[in-house]
Amino acid sequence: MSAAAPTPSTPETGDLLYSDVEEDLRASVRALVEKQAPWDVVLARTDTEEPVDTDLWKRLTQEIGVAGLAVPEERGGAGASWREVAVVAEELGRAVAPVPFLGTVVATALLLGTGEDELLAAVAAGERTAAVAVGATRGPGRPVPVTVERQGGGDLLQGTVTAVIDAVTADVLLVPVSGTEIAVVEAGVDGGGDGVTRTTAESLDMTRRLTDVTFDGAPARIVAGADVEHALRIGAAVLASEQLGLAERCLADTVAYLRERHQFGRALASYQALKHRLADLWVAITQARATARYAARCAADGSPDLPVAAAVAAAHGSEVALLAAEDSLQLHGGIGFTWEHPAHLFLKRARAEALLLGSADHHRAVLAELVDLPA
Amino acid sequence: MTSTDTPPDLGAEDLAARVEAFLAEHDPSTTEPSEFLRERFAAGLAWVHYPAGLGGLGAANGLQTAVDAAFAEAGAPENRPRLNVIGLGMAAPTILRFGTESQHRRWLPSLWTGEDIWCQLFSEPGAGSDLAGLATSAVRDGDEWVVNGQKVWTSMAHHARWGILVARTDPSAPKHRGLSYFVVDMQAPGVEVRGLRQITGEAEFNEVFLTDVRIPDDQRLGEVGQGWAVAQYTLMNERVAIGGGTLPRESGAVGPLAARWREHPEAHTPGLHDRMLRLWVQTEAARLTAERLGQQQAAGQPGPEGSGVKITYARLNQECSSLELELRGEDGLRYPDYTERRPEVEDYGRRDAAWRYLRFRANSIEGGTSEILRNVVAERVLGLPAEARADKDVPWKDLPR
Ligand SMILES: Cc1cc2nc3c(=O)[nH]c(=O)nc-3n(C[C@H](O)[C@H](O)[C@H](O)COP(=O)(O)OP(=O)(O)OC[C@H]3O[C@@H](n4cnc5c(N)ncnc54)[C@H](O)[C@@H]3O)c2cc1C
Chain A
1 MSAAAPTPST PETGDLLYSD VEEDLRASVR ALVEKQAPWD VVLARTDTEE
51 PVDTDLWKRL TQEIGVAGLA VPEERGGAGA SWREVAVVAE ELGRAVAPVP
101 FLGTVVATAL LLGTGEDELL AAVAAGERTA AVAVGATRGP GRPVPVTVER
151 QGGGDLLQGT VTAVIDAVTA DVLLVPVSGT EIAVVEAGVD GGGDGVTRTT
201 AESLDMTRRL TDVTFDGAPA RIVAGADVEH ALRIGAAVLA SEQLGLAERC
251 LADTVAYLRE RHQFGRALAS YQALKHRLAD LWVAITQARA TARYAARCAA
301 DGSPDLPVAA AVAAAHGSEV ALLAAEDSLQ LHGGIGFTWE HPAHLFLKRA
351 RAEALLLGSA DHHRAVLAEL VDLPA
Chain Z
1001 MTSTDTPPDL GAEDLAARVE AFLAEHDPST TEPSEFLRER FAAGLAWVHY
1051 PAGLGGLGAA NGLQTAVDAA FAEAGAPENR PRLNVIGLGM AAPTILRFGT
1101 ESQHRRWLPS LWTGEDIWCQ LFSEPGAGSD LAGLATSAVR DGDEWVVNGQ
1151 KVWTSMAHHA RWGILVARTD PSAPKHRGLS YFVVDMQAPG VEVRGLRQIT
1201 GEAEFNEVFL TDVRIPDDQR LGEVGQGWAV AQYTLMNERV AIGGGTLPRE
1251 SGAVGPLAAR WREHPEAHTP GLHDRMLRLW VQTEAARLTA ERLGQQQAAG
1301 QPGPEGSGVK ITYARLNQEC SSLELELRGE DGLRYPDYTE RRPEVEDYGR
1351 RDAAWRYLRF RANSIEGGTS EILRNVVAER VLGLPAEARA DKDVPWKDLP
1401 R
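Line by line, the protein sequences are chains A and Z.
Residues in the first sequence are numbered consecutively from 1, following this note's numbering.
Residues in the second sequence are numbered consecutively from 1001, following this note's numbering.
If you're looking for bench data, these hints aren't it; they were derived computationally from the structure.
Backbone N, C-alpha and C fix where the C-beta goes; we use that ideal spot for every residue, glycine too.
Careful, some of the hints might be misleading.
[Claimed, not checked] Quick list of the computed label-pair ranges, beta carbon to beta carbon:
| hint | chain 1 | residue 1 | chain 2 | residue 2 | range |
| --- | --- | --- | --- | --- | --- |
| 1 | Z | Glu1115 | A | Arg266 | 27 to 35 Å |
| 2 | Z | Gly1383 | A | Gly135 | 54 to 62 Å |
| 3 | A | Glu73 | Z | Glu1020 | 36 to 44 Å |
| 4 | A | Arg266 | Z | Glu1101 | 24 to 32 Å |
| 5 | Z | Glu1020 | A | Lys35 | 50 to 58 Å |
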């Protein structure tokens, strides 16, 4: 059934499947993460002073090269694309892995548009970790407020950015100081470089903690031609894949539990009320996969439809991941409410992710303009 | 990259060349349509994945879309695909799979060309979701079967020349084991088709009364007692395979809704805007999901996503048309015409919004209800256990009804 001439026009969809290379990459990441960061290890780390698994990050970046996938070979990367990045995000989401991958994705997208090739190559190689100092809830399609300024227009920074993700272990911060310029700030390894104070906040998502950053006369190098909005859009597109991985994990865990758990003399998985709930979740996840793959392929190919694709994937992915995590906890009953069960790790990650890089509502509002459905 | 699985001997280029050669020889603008269609069937360009001699060339399934597109572009006549959805989508694959050679030759050509429309005589007043509980009986009499019973909700029966029929041939066997599958001549004595009025006012489907209808045994598909397996195969094909290629954005029920939204800014409120955007996002997600499924099928990895796609489209059709009525305000209270008549089989997008709102209620019932499809997803995709049931091993005649 088709309507009259559809508005807006339809871009080519492209390949939404996984290539063999992507499946191989997935297998390597999964094997490493399952070995090094099973959920109980992830949970135990949340009670320590070292919320980021720097050792896992080192192996992911140096053995598998996850930070350089979208960087061309001639600029020090692996010359793959955002599609492969998205597959890694799925696996890290499945494991709620406490590594600064998402922040690295946004920083890489930002650096790719500049001439900062030395830094880009170092980030791609995992030798350095960069974070973009933008509040975590900022999404593409709306101007990013500039809260840090150059003292007297010079090279020293003044101001504060709250709720930055993946800045806990970052040794370089990329700080928007105008619509088109960023300041590159050496942040030191432990806490702060000159004039930089970082405070790690107690965070709803214990596996991805927020940092409030204050600059008080911090020396910086100013770089022009930086497109922060594009970087956030790439971040949102990749985040949708992380949400997909998380949602799939929640569904798989719940299916396994309900098959095994018996009440009233039969497996809980044989009750239709629960079967239908899981069937609906499965349907939603198939859609999250399609939208996340489309966003990744648009990012990879530089498609002009990326703004729409990312907004759709992010709006849909946020809701599906949250539903999966909430249903998972509910269907585990009391055990799911205990600290010693992984359900809360996924719940907290999903709840936080639904705010990261723009909420579903944010993305729908942006979409309204993109596809001509005004308020 | 996953590539389309093609038999080594026949690729997309070969097919394109054959289509071109065919068109050169049979100009669609001067050839009589039914003649054109018969020739197209004979050339194996009807359904290219069917065997040679039966309208196909044994090519890969995924290649059909391009062939159809090439014929459409050349202005070739259509084979009444809307009117014959059941024939093309369900009867044909079943005949191909379970029919004898002479049955193939007897039914497939006129089915594909649209000369003969088919209908599906499965549902009964007492058996819908639980199809295996059906009561229509077929009793053997020499080389024939004598059939008695009532079918219901039979779409297209008033157009149909042939019907696919499931009937009970052994009432003392458990329900799934006592069924057989037949092709019934809708013009045979004892077949009575009565229009059944539906909530739109029209009579799109029918009741079909079967009174001492005699069906020759050579119109049986599959073995006696194997009817359930054959019927399952038919139902599996109900979700018409989604071809490759890009589906238009805003196709389906969201199209007229979005158009109305753009044309009537005075109707906008924040609450309606939020619903509009949510439905747009969900429709786009459903579109990409269907495309991904098409890509999987073309790559030879048939996914179980099909049931999910049907559940989703049913819901979106219903919610979009409902919101569209709300946007219409006072006009949302009007209805074009409740007069009882036989509807045109046409593009739903052209029908009135109120009509669509009503018609789409059936989307979650026809072709397997959304509840049953959720069972399918839960059991066949997620591997969850079936619910305990009491009707499996009891002779059908002893079951409560
Ligand atoms: C427009 C239209 C066209 C149709 N065309 C045809 C046709 O051409 N040929 C044909 O043979 N049939 C046709 N049908 C019939 C259709 O296949 C049946 O209506 C459908 O299978 C449901 O059966 P039922 O109506 O007996 O409902 P029931 O099976 O009685 O179901 C009633 C309700 O109970 C729910 N339910 C039933 N079983 C379960 C269960 N195990 N778990 C949870 N919920 C359950 C159902 O989902 C439904 O909501 C058509 C129907 C419509 C509406």
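Status of the hints after comparison with the structure:
Between Glu1115(Z) and Arg266(A) the beta carbons are some 53 Å apart, a value that contradicts the proposed interval 27 to 35 Å. Between Gly1383(Z) and Gly135(A) the beta carbon distance is about 43 Å. The supplied range of 54 to 62 Å is therefore violated. For the pair Glu73(A) and Glu1020(Z), the beta carbons lie near 43 Å from each other, so the given range of 36 to 44 Å is met. Distance hint check for Arg266(A) and Glu1101(Z): the Cβ-Cβ separation is about 48 Å, which falls outside the suggested range of 24 to 32 Å.
Checked against the hint of 50 to 58 Å, the pair Glu1020(Z) and Lys35(A) passes, with Cβ atoms roughly 57 Å apart.
The structure fails hints 1, 2 and 4 (numbered hints given earlier, in ascending order).
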